[in-house]
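Enquirer: Going down the list, the sequences are from chains H and D. As numbered in the working numbering, residues 233 to 511 make up the first sequence, in order. As numbered in the working numbering, residues 126 to 443 make up the second sequence, in order.
These are calculated hints, taken from the structure and not from any lab test. Hints are supplied without guarantee of correctness; some may be wrong.
Claimed, not checked - Cross-link-like lysine to aspartate or glutamate pairs, in silico, EDC-like; alpha carbons within 20 Å at most: (1) Lys-421/H <-> Glu-253/D; (2) Lys-326/H <-> Glu-419/D; (3) Lys-339/H <-> Glu-177/D; (4) Lys-348/D <-> Glu-337/D; (5) Lys-326/H <-> Glu-420/D; (6) Lys-164/D <-> Glu-319/H; (7) Lys-322/H <-> Glu-177/D; (8) Lys-164/D <-> Glu-139/D; (9) Lys-173/D <-> Glu-319/H; (10) Lys-339/H <-> Glu-319/H; (11) Lys-421/H <-> Glu-177/D; (12) Lys-487/H <-> Glu-169/D; (13) Lys-164/D <-> Glu-483/H.
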Amino acid sequence: MNDINFLKKIALQVRKDIVEMTYHAGSGHPGGSLSAVEIMVSLYFSVMKVDPKNPDWEDRDRFVLSKGHACPVLYSVLARKGFFSPEDLKTLRKFGSHLQGHPSRLKTPGVEVSAGSLGQGLSVANGIAIGAKMLNKDIRVYCLMGDGEIQEGSVWEAAMTAGHRKLDNLVAIVDYNNLQIDGWVEDVKGLAPLADKWRSFRWHVIGIDGHDFDQILSAFNEAEQTKGCPTVILAETVKGKGISFMENKAEWHGKAPNRQEYIEALEELGFLKGGESID
Amino acid sequence: MTKNTAKKNTATREAYGEALVELGRENRNIVVLDADLSKSTKTEMFAKEFPERFFNMGIAEQNMMGTAAGLAASGKIPFVSTFAVFATGRAFDQVRNSIAYPGLNVKIAATHAGITVGQDGASHQSVEDIAIMRAIPGMTVINPADAVEAKAAVKAAALMEGPVYIRLGRHKVPVVFDEEKYEFKSGKGVVLQEGGDVTIIATGIMVAQALEASKLLSEKGIKAKVVNIHTIKPLDEDLIIECAKQTKAIITAEEHSITGGLGSAVAEVVSERFPVPVKRVGIKDRFGQSGLPEELLKLYNLTAEDIASAAAELIRKK
Ligand SMILES: Cc1ncc(C[n+]2csc(CCOP(=O)(O)OP(=O)(O)O)c2C)c(N)n1
Ligand SMILES: [Mg+2]
């Protein structure tokens, strides 16, 4: 319980970071970052073994952000974990910053895989998982994808590969927020029945509320106990979660808050109560 | 042909959206496909007016290209849009083998080309799309300089038979041409300004920079000829050779890698038919990065000043 209160506290900070970063950048992707906050905080602050002082530690678990546009949530979590200074977050997307508009493995400490072109991360995660098995190392690999993203055929090539190769050190997470850029996923190109699709590709499937820490942690635990096949967690989430005017709105996929919206968002998160300045 | 009265800056993707709507009204065979980027590519405008002729394929560019091939095979004229990186990179094999090899009548209108995409960074900045498309047999490659040219090119492409790649930008750029007088002739280069000391051959958004560069050069007493190559393939070889003979020095300028783009195409022709010094202004074997378009144009040496100094240096070598 204490543990979960700790995670909740970090999640709140991460939400603040996401709003702040995109506000300062003047562009970026708040919607799909906010939907993944609890998943990302669970991974970096409870589930994965990583060492921010030694980002290249060879026995570390690996995280692949396949939906690369959601990098604000990744950067925030990495900074709060200690991979780099939280001060850097305000340089998101700016000229010369190590925090690129989409993740760059060569620029940011803790970023495992460059991303931005959707549908490619799961294949890379497969490769890392196979590599770990070849080294006989107890390394677990996590890959976060968007629900729109899994319309890409390459995702299903990777899914078939992981199922066939029984990659039980691999966990895929689908941020099932029901929205993509052009609207509701079910309107653009429907996924249902999604659990059946993964099952038929020989994956163990767990469905959860992707904002509930208890469910998230027990799903990752169940994944770790599952042998002989990879696990996918279908995490039902809300795009824009936590900022009511952003929730369930496609327009907040790739748009930064203006000053007024920024203030409103911080107030809703419970900051600025003491009338502190935002600058 | 060049316009004096300054018009509001416009992105070429805007012109594409408008052209599609006009085409849709003129020709019932026009269909449009997009991959979850209809707001950004501006195909949304067509989708609103002709929902029954618009197909949002979801985030599935390869599948979209293949479907467009099939629609073309059944007599439709598909315009297919997504970002240039994904149209030419992700879906390359479908473009090559399902569209170009069978000679199908598909128009690939790709937006967000080049580094002026800005803050999204390298993954979204295509610096090699012209090279990729130019290498495909039978593919026409068009890179409009401004909104006026983009609109005319899109309309011309609809009347052409066979696959066409049209390169469009995200960023608002100056309007160079006068809409009333502008005429698009595919495959024909356009002399925008006469001059005998050096020729600047530019394409896309670099055309406006080339015109600026010629002003900077004239302040130094250097007379630059400026040529707009909107059709990179088929290339107006005769015009380029004429320029080589006349000015004995050629600068190329493109918002694209100097490997395989306009600069390469010009160098290939010149070295085979009438060798003169050529200097390519463009991106030098690098990926892009995050930043504002103007910051990036400066960093990658794609400004009028860069063109002018390359020209001045080249003339010294003549
Ligand atoms: C291959 C590819 N096609 C298109 C895009 C443009 N794009 C970026 S995000 C996005 C929508 C993603 O939707 P989803 O996967 O549901 O992400 P989320 O809702 O979690 O933000 C699209 C189409 C891209 N980055 N890569
Ligand atoms: Mg989504």
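Enquirer: Give a verdict on every hint.
Expert: Status of each hint after checking the structure:
no.	hint	result
1	Lys-421/H <-> Glu-253/D	violated (30 Å)
2	Lys-326/H <-> Glu-419/D	holds (12 Å)
3	Lys-339/H <-> Glu-177/D	violated (45 Å)
4	Lys-348/D <-> Glu-337/D	holds (13 Å)
5	Lys-326/H <-> Glu-420/D	holds (10 Å)
6	Lys-164/D <-> Glu-319/H	violated (33 Å)
7	Lys-322/H <-> Glu-177/D	violated (44 Å)
8	Lys-164/D <-> Glu-139/D	holds (10 Å)
9	Lys-173/D <-> Glu-319/H	violated (44 Å)
10	Lys-339/H <-> Glu-319/H	holds (16 Å)
11	Lys-421/H <-> Glu-177/D	holds (16 Å)
12	Lys-487/H <-> Glu-169/D	holds (18 Å)
13	Lys-164/D <-> Glu-483/H	holds (10 Å)
The earlier numbered hints that this structure contradicts are 1, 3, 6, 7, 9.
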